[in-house]
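These protein sequence lines map, in sequence, to chains L and B. By my numbering, the letter at position 82 of the first sequence is numbered 82, and the numbering carries on one by one without gaps. By my numbering, the letter at position 80 of the second sequence is numbered 80, and the numbering carries on one by one without gaps.
The hints are simulated quantities; they were obtained by calculation from the structure and are not laboratory data. It is possible that some hints are incorrect.
To be verified - A few chain L residues that face chain B, going by a derived Cβ cut-off under 7 Å, partial list only:
| # | residue |
| --- | --- |
| 1 | T134 |
| 2 | K138 |
| 3 | L146 |
| 4 | A150 |
| 5 | M283 |
| 6 | V305 |
| 7 | F307 |
Note that the structure is predicted; figures quoted are calculated from it, not measured. The beta carbon of each residue, even a glycine, is placed where N, CA and C say it ideally should be.
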Amino acid sequence: MKPLLRRHKNHISYNFWGLIFLIPFFVIFIWLQLVPLGRTFYYAFEKYFYSTGKGSFIGPTFCGWDNFAYIFTNGAIRKYYFFDQSIGSWWMPDIAYYLANTLIIWLMGFIPQIIVSLALAIWFTDARLKLKFTRFWKTVMYMPNLIMAAAFGMLFLMLFSSDGPVVQILMSMGILHEQFSFGDSEFWVRFIIALINFLMWFGNTTLLLMSGVMGIDESIFESAVVDGSSAHHTFWAITFPLLKPIFIYVFITSLIGGIQLFDVAWMVTRGGGGPNLTSLTVMSYLYMLINKAKNYGQAGALSIVMFFITAALSMSVFYVSISQKNPEKGVARERRKRFRTYKDCDPTRLEMARISHQQGGISL
Amino acid sequence: MKLFEKNNAGKTPVGSTNISSNGCVSLTLAPRKKERISGTTQLIIRRIFVYIVLVILTLMCLFPIWILLVNMTRTHSQISTQFSLWFGTHFAENWSNVFARTNIKLDKALLNSLLIAFCSSVLTCYFSALTAFSIQIYNFKGKNIIFTFILLIMMIPSQVGALGFLQMMNDMHATNKFWPLILPAIASPIVFFYMKQYMEAVLPFEIIEAARVDGASEFSIFHIIVLPLMVPALAVQFIFCFVGSWNNLFIPSLLLSKEDMQTVPIVISKFTDTSNPINFDLGQVYIAIGLAIIPLVIMYLIFSRFIIKGMTAGAVKG
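Looking at chain B on its own, in the form it has when it is part of the complex:
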């Protein structure tokens, strides 16, 4: 404001309205010319600065993955002696070596991880939608209490119950089985909450009533009308659940000790042991890490639009 006052000393005060002789109402503004020029330069400088920061952050995100891709194609001696930004020619060799190993069953682990992640995501999506449908559409005694309860249990980290869970599975002889990792997905408060939020937006009660008049059973209303309406939300949550399950290390590593039953994160976590023979061929280590990361990266790049939208959608709505 000080600047304006100095510029306008003796003139009409800034921001005051004048009615000129021809009846037009004009607003007196501070002289803009000089300011605009410096403003534009300032904007350009700011823009350059912003782009530099963006490029640096992007490089920070992409550099590790690029190095991973490059080192997947190089031999152990190349990796440990000379750093390179461009691909080598030993991809096929590393690939076949890592699958030929007897102490690490990577193919088995990939299949196990895929199976667990897929099954638990399907269960999570289906039953969360069902639970959300129940809370959203029906009125029964204690509905609000149940809803509050689900919100409260949302934040309990699974690690704190891990000990009891492990002991329970021991008693039930369920260690080294997949169902203890798949079934708990049915009760997933987070996904339930997302589905509930989505249903509020897309599911009018009139549709349900119309279906009831037409004689549809409650069960078929859910399957024929509600689920198709929920497809976008289901897809986003499916991806998030899949990623969460695929990446999970803590509880699977406590439960699965048999080599045939292990998942990818467990196999990878064994590489940290320096005596693990795979560490004598870093090319193979990179291949294994790549197999853990790259399928998800590809999936993400295909669906990134929906994922980012789905991630912010919930946030914007509130």
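Only chain L is shown next, with the shape it has when bound in the complex:
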């Protein structure tokens, strides 16, 4: 009995080390991420702002849901544009307006991004096409993803300035006859932001979709070819349905990244929000509330709203990545279902997390 007991004891002491190794992660997480988040929740219910009249901070004093009420009801009569054509003006709450800006800019980048990425993913993995230099193409197309968003934004601001290279090229080609200020046009400011987003993320999406296409069983494609299916038909009947889970995942993660859009929009609009605030994103609004208006109560309320929006979206990713798994039979597998769930959702979780990380995510 004695050796058995000792072995048992040894196991306990080993596992005790496991807990020791977890300490740094959790101490830092609770101290520098959870407590600040809790504090943000706290400020959301406090009246706390910098009064320029008094030259000092007022509060914090408890004010219930006032900050949320302000965030949701404060608005203005805004003008609306479609390709720089005014299509009317009506009242809208600020948060809805900025959220709409953010989503429009995101869509302007995301729609071409998903189309181009899908085409590239299919071409790169097409055995009949036999593309040359695939490593070169992939290397170049992934590169913008690592470029500093702020510097990229500044660079495009310079390229598209009224006497910048783009205008110079267009003028020398005879397309433009006089200097044109991209920065004064609602459409072009949004377009430039969306273009930068497109350039930064299409390589990433391509790699992701490629791994999805390569994950499809090769024999399915082979039998499709034997059956005389055209490339077009193969895509719609085989590739697309099988890629659906990855699509949904790319869509939602891109949306999560999209509503956190800050750096590029902030730079391209020169920290202002563009003409008539048409390119002011939600995160820029938050930054303005914290840094310029110094209204910490309202900033807290906005943070909480954003927190729940992102949480809902992340939960849907989590749900999709779990529900896409086919239930497999077998008692032993059934018993390890929990474990498999995490193991299988790897591509989605990891990539999703990486996107959030790149957008200035968890690691500060």
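With chain L fixed as given, assemble chain B onto it according to the hints.
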């Protein structure tokens, strides 16, 4: 299918198997000759189209960087009057001018950014590997709950906690210090998850047991056996973390207000102010942007193979 039926009217149906007199089994296929020719032409046309699209996208990616490189070597008047695709001769002049400026401390910013990015990447890699090691190897009560918890907190964007974080640092008199930007890197769920995934593939439990039999302590097992095995994963994550930290604007710009302490993205973001005197010499602006972008581009080009592999590795495995 319609096409095949028309071609084969009156013949053996397509796809049927015949047993010929000498005993060979043959599969009757649709007549291929005509189709093959048109198929090849079609393939060539498709290939040309694909290459054109690839070249356009590549140009779109490279054009801004090329213009950046070119304009780094030209004077302000050259930049603002005439567009050029080839280099000028004023690189050294722009370079010394931008570092001679008193209102922008670019050299200081580069050093600060380097320091913050390096320290936080090292911490992230080391402690994520440690946390992953703990979850992967040991069995203790609540392990699954902890793992689920880490997965759930993965997606909280740092911006939503920024306000509380800023206030906390204000109370602790930690604004204009680097540690609030470095220390949080220890708790990085994303990197942890990658490391965990990697360990599942490369770290057999037998190695740990063998080391224990040989009398190694748990701490030295991690340092002597696990960390060397994790080098490829550590390298990939180091690069990603470095890039993420180097490029980060939101929280550093809220925390660092002193000029001596600012990082490169903050300095660059100040250029958007049209009254900033650096805007009167665009050559210098381009140099500053170049210094923010080009070191990372070079690093990327050196390690691109590992980066792209590392980026897809996690995705393929699932």
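Which hint numbers does the structure go against, in order from smallest to largest? Those not satisfied are hints 1 and 6.
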